[in-house]
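Produce the entire structure from the sequences given, and follow the hints as far as they go.
Taken in sequence, the protein lines are chains X and H. Our numbering puts the first residue of the first sequence at 131, with every later residue one more than the last. Our numbering puts the first residue of the second sequence at 9, with every later residue one more than the last.
It should be emphasised that the hints constitute simulated quantities derived from the structure, not laboratory data. Keep in mind the model is a prediction, meaning the values are calculated, not measured. By construction, the Cβ of each residue, glycine as well, lies at the ideal position given by its N, Cα and C atoms. You may find that some hints are simply not true.
To be verified - In silico contact screen, one side only, chain X against chain H (beta carbon under 7 angstroms); selected entries:
hint, residue
1, E298
2, G305
3, G367
4, I372
5, G374
6, G375
Said to hold, decoys possible - Restraint-style ranges between C-beta atoms, simulated for each label pair:
hint, chain 1, residue 1, chain 2, residue 2, range
7, H, E210, X, G228, 52 to 60 angstroms
8, X, A258, H, G143, 55 to 63 angstroms
9, X, S336, H, T177, 19 to 27 angstroms
The primary structure of each chain is shown beneath.
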Amino acid sequence: MGRLSNKVAVITGAASGMGQATAIRFAGEGAAVVVADLNQEGGESTVRQCREQGGRAVFHKTDVSSEENIKSMIDRAVSEFGRLDITFNNAGLVGMLGSIEEVTAEGWDKTHAILLRGVFLGMKYSVAPMRKAGGGSIISTASIAGMRGGFGPLAYSAAKAGVISLTECAAAELGKDRIRVNCICPGGINTPIMGRPTAESEASLSRAQPIGRAGHPEDIANMALFLASDESEWITGTSMLIDGGFMARSNTFGDMNTAAWHARGRYVGPSFERRTGK
Amino acid sequence: MGRLDNKVAVITGAASGMGRATAIRFAGEGAAVVIADLNREGGEAAVRDCRENGGRAVFQKTDVSSEAEVKAAIDRAIDEFGRLDITFNNAGLGGALGPIESVPVEDWDRTFAILLRSVFLGIKHSIPPMRKVGGGSIISTASIAGILGQAGPLVYSVAKAGVIHLTKTAAVELGKDRIRVNCICPGGINTPLLHKHIPGGEEVTKQFLEHVQPIPKAGTGEDIAGMALYLASDDSEWVTGTAMVVDGGFVARGSTMGPSVFDVPTQWSGPSFEKKFGR
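Encoded structure:
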């Protein structure tokens, strides 16, 4: 008895990385999956791997910046598998880079069309079929970059912050329909978003947070599974942080982590007595 | 094949409410559980429920404001089951109530001893056995009251905010040991901590709680147990320093639970099984 038996999911950006890992995990837990992506070759590979896991899956070529494509991918789930229970708005890209003076208005718009507007459209078109099914789970990929400045490019970060807010607003509105809306904030995950993952990217990401390994797509897939399953039926409006402790540490005082404070003695204070430990 | 096969957990406050629901869930997924609580009757009933669910469990009478007793609960896990993988610092109470100018400092101290200091003690004494098995998962019960300014009594809220921050700072320190540290922020959960104050008890509280958050359902111990299970299992091995909100959308909507729930003619709340209404 899989944790998603008889459920139908649409996953954008499922041709690679976190979306692919999630599609395969969902299929292994009994879900039928619409693999929505621009990348046909990767998408068809995902479909094969889903079927190897014992789940049903189809590929639907989808550009998330197109409202018509978003509506069509949702329709595909209903026409192919009869219903919609789960939407994972995961498709992403790094988008426009550069300093604030270098970022063009067009680059900003293109980045936001995919990272934020695409999420809004995914939510919007999921509501009707999910209401019909008596409820559902909408999951979106945000980022640690949406939580604070400095953890991603400017346009990307602002869009991801928008995904967090959109998640809260939609959750407040859709709670009465038993449609829950949550997002995942990944930290440093070794995926193709920055180019093909290598041993170097793995090693460099392993040093970026308290738990000393790079994040893997499966770490995200595991949280997506929890949010998609009935176990999370009362969870909504949340940002689930999957980051190996990155945000908990965020800025360090140079090299001083909490253990380094200990090196100054067992107790510090009061300063006027010029004591540096008992 | 359970999701916690061969794992050993200590759960405080497991004689009732969220702790009990979690213990039963863990046992059903293959874990061995030490039920640590002041409430012997409830604790032994929880042990029976765990065994009925196919898992091993024992009761250890524990006052979490005592360092010796917190350590003893952990030692019991080692003695009984050979190791420690999961600690769930869940024991709680409402604590000091009433306006700030009338809270006795002793009540502030006692509230903190049970809600925050106990969490520090639970983390502290879990580290050596968890290092021995190459890692572990420490989970604590915080609250949405630790995030919002009016979702609980004042002293309770501050202590719960402390639990969130203790979670983050301990997570940073223990990441290298593969010991992850997370907390759960429940919203309005229908447990004795809350319903013993409402005339009409559990049923009336359930109806009240249906309307305070976007999802029109009162939270249950099982909602918390589902998140605790995720955090205890290997699925979350790269997750640490987080505050996982389980609240039906309460925080997302940005509303308050209203003052009425905590407007009770009493100064102190807890522990729940004693059904005390003031001193």
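These are the hints, each one checked on the structure:
no.	hint	result
1	E298	4 angstroms, holds
2	G305	2 angstroms, holds
3	G367	2 angstroms, holds
4	I372	6 angstroms, holds
5	G374	5 angstroms, holds
6	G375	4 angstroms, holds
7	H:E210 with X:G228: 52 to 60 angstroms	58 angstroms, holds
8	X:A258 with H:G143: 55 to 63 angstroms	45 angstroms, violated
9	X:S336 with H:T177: 19 to 27 angstroms	22 angstroms, holds
The structure fails to meet hint 8 from the earlier list, while all remaining hints are met.
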